[in-house]
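Engineer: In the UniProt record's numbering, the protein residues as written are 1 to 388.
The reader is advised that the hints may include incorrect statements.
[Said to hold, decoys possible] Computed list of lysine-lysine pairs in BS3-like fashion (alpha-carbon distance at most 25 Å, straight line): (1) Lys82 to Lys122; (2) Lys49 to Lys82; (3) Lys157 to Lys117; (4) Lys82 to Lys117; (5) Lys157 to Lys122; (6) Lys49 to Lys117; (7) Lys182 to Lys157; (8) Lys157 to Lys121; (9) Lys121 to Lys82.
[Unchecked claim] Each pair of labels, with its calculated beta carbon distance range: (10) Asn243 to Glu379: 31 to 41 Å; (11) Arg306 to Ser96: 40 to 50 Å; (12) Arg263 to Ile366: 15 to 25 Å; (13) Gln149 to Lys117: 19 to 29 Å.
Hints are computed from structural coordinates only; laboratory data are not their basis. Built from N, CA and C at the ideal position, the CB exists for glycine as well.
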Amino acid sequence: MDESTQFQQSQVAAILAGDPSQFEILISSLMSSSNETRSQAELLFNLAKQHDPNSLSLKLAHLLQLSPHLDARAMSAVLLRKLLTRDDSYLWPRLSLQTQSSLKSILLACLQQESVKSITKKLCDTVSELASGILPDNGWPDLLPFMFQCVTSDSVKLQESAFLIFAQLSQYIGESLVPYIKELHGVFLQCLGSSTNFDVRIAALNAVINFIQCLNNSSERDRFQDLLPSMIRTLTEALNNGNEATAQEALELLIELAGAEPRFLRRQLVDVVGSMLQIAEAESLEEGTRHLAIEFVITLAEARERAPGMMRKLPQFISRLFTILMGMLLDIEDDPAWHSAENEDEDAGETSNYSMGQECLDRLAISLGGNTIVPVASEQLPAYLAAP
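Full structure from sequences and hints, please.
Structural biologist: Here's what the structure looks like:
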């Protein structure tokens with residue numbers, strides 16, 4: 001071993017054994033804008049990972065739990081997640097049982113005490129990564145009871161954290177949650193039906209949609225049919241409260257559901273599609289919100305393989321959607337460049353409404369086919385052609 005490596009190892013040993021402030025300086029250096037400082041810190045961090053993973057993990061966990069500095073807590077959560085992710089550099093099996101036990105306890109304690117939302121989200125990511133690696137082998141028996149306790153607690157922060165973790169676990173290791181289908185149905189129903197906090201409801205909506213996608217048979221998925229009205233109400237109530245950012249999050253999640261499990265929506269299709277078209281028609285709403293509502297309906301129309309013919313059974317809605325999309329094609333700006341346009345200016349004057357309308361008409365025609373679209377177009381187009 002050469003002298004420089006020996007010196008670096010003694011540096012690492014001193015940092016891991018010494019005062020917590022020394023370790024915090026190392027973590028701050030990993031965020032440095034100076035390449036040289038950052039490279040040196042990365043070298044020492046990787047040596048620590050190689051030679052003393054127990055001390056390194058515990059130091060990170062203690063920094064996450066105790067540091068008054070937001071950047072240090074956030075960085076500790078991210079670094080711990082990377083160390084505890086089950087990939088080529090998976091550290092967990094190299095840790096002693098005592099370290100493993102301490103880490104699990106500290107992570108749950110941090111979830112309860114962390115007050116900064118952005119750090120809490122990073123912490124939820126860390127817990128989810130670790131849990132997805134060890135929960136299937138019953139390596140964290142305290143976690144699910146703790147999460148069920150959180151979702152039924154009075155703390156909206158803990159409720160949201162638990163739903164964020166449930167959402168990720170449903171994606172990573174959904175089969176480990178299926179035995180708890182009855183309990184999960186109960187907490188989802190309770191939260192979506194009665195919580196007044198939109199952050200909690202969006203987190204619950206995300207968790208429900210991910211969980212539905214991990215269920216293997218339709219009878220299991222159908223147990224969640226009674227949640228659909230509350231899921232849609234999360235969207236409509238956000239809009240009624242003028243909270244369009246939340247509504248857009250809800251729409252993006254519902255689009256994911258429409259694409260992945262369109263048959264889940266079939267029993268309440270008239271109500272769901274009716275709500276979406278109402279949003280698309282509401283001129284008082286932001287363009288982005290209306291476009292997402294249209295995207296939801298088009299996504300359902302395109303789900304031919306998973307739910308054949310579902311949208312064709314709703315001719316009144318197809319006609320309404322066609323009207324909305326034709327209206328969007330009229331939203332153009334009079335750009336002088338267009339009147340003398342060569343190729344490069346042929347799109348002058350197009351608005352985002354126009355582009356969206358054009359794209360969605362194409363997608364609608366392709367997904368539903370000529371036999372469905374031609375009668376609707378034949379009925380509506382003469383009025384546009386006759387207009388002065």
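Engineer: Please go over all the hints and tell whether each is borne out by the structure.
Structural biologist: A quick look at each hint next to the structure:
Restraint check for Lys82 and Lys122: the C-alpha separation of about 11 Å stays at or below 25 Å, so the hint holds. As the CA atoms of Lys49 and Lys82 are separated by approximately 11 Å, the hinted pair is consistent with the 25 Å bound. A hinted pair counts as satisfied when its Cα atoms are at most 25 Å apart, and Lys157 with Lys117 qualifies at roughly 8 Å. Distance restraint check for Lys82 and Lys117: the Cα-Cα separation of roughly 20 Å lies within the 25 Å cut-off, and the hinted pair is therefore satisfied.
The straight-line distance between the Cα atoms of Lys157 and Lys122 is roughly 14 Å, inside the 25 Å bound, and the hint therefore holds. For the suggested pair Lys49 and Lys117, the alpha carbons sit about 28 Å apart, so the restraint of at most 25 Å is broken. Using a Cα cut-off of 25 Å, the hinted pair Lys182 and Lys157 holds, with the two alpha carbons roughly 24 Å apart. The suggested pairing of Lys157 with Lys121 holds, with an alpha-carbon distance near 10 Å, which does not exceed 25 Å.
Straight-line distance between C-alpha atoms of Lys121 and Lys82 comes to about 15 Å, which keeps the hinted pair within the 25 Å bound. Range check, Asn243 to Glu379: Cβ separation about 37 Å, and the 31 to 41 Å hint holds. Distance hint check: the CB atoms of Arg306 and Ser96 are about 48 Å apart, consistent with the given range 40 to 50 Å. Between Arg263 and Ile366 the C-beta distance comes to about 21 Å, which sits within the given range of 15 to 25 Å.
At about 21 Å, the CB distance of Gln149 to Lys117 agrees with the hint of 19 to 29 Å.
Violated hint: 6 only; the structure is consistent with all others.
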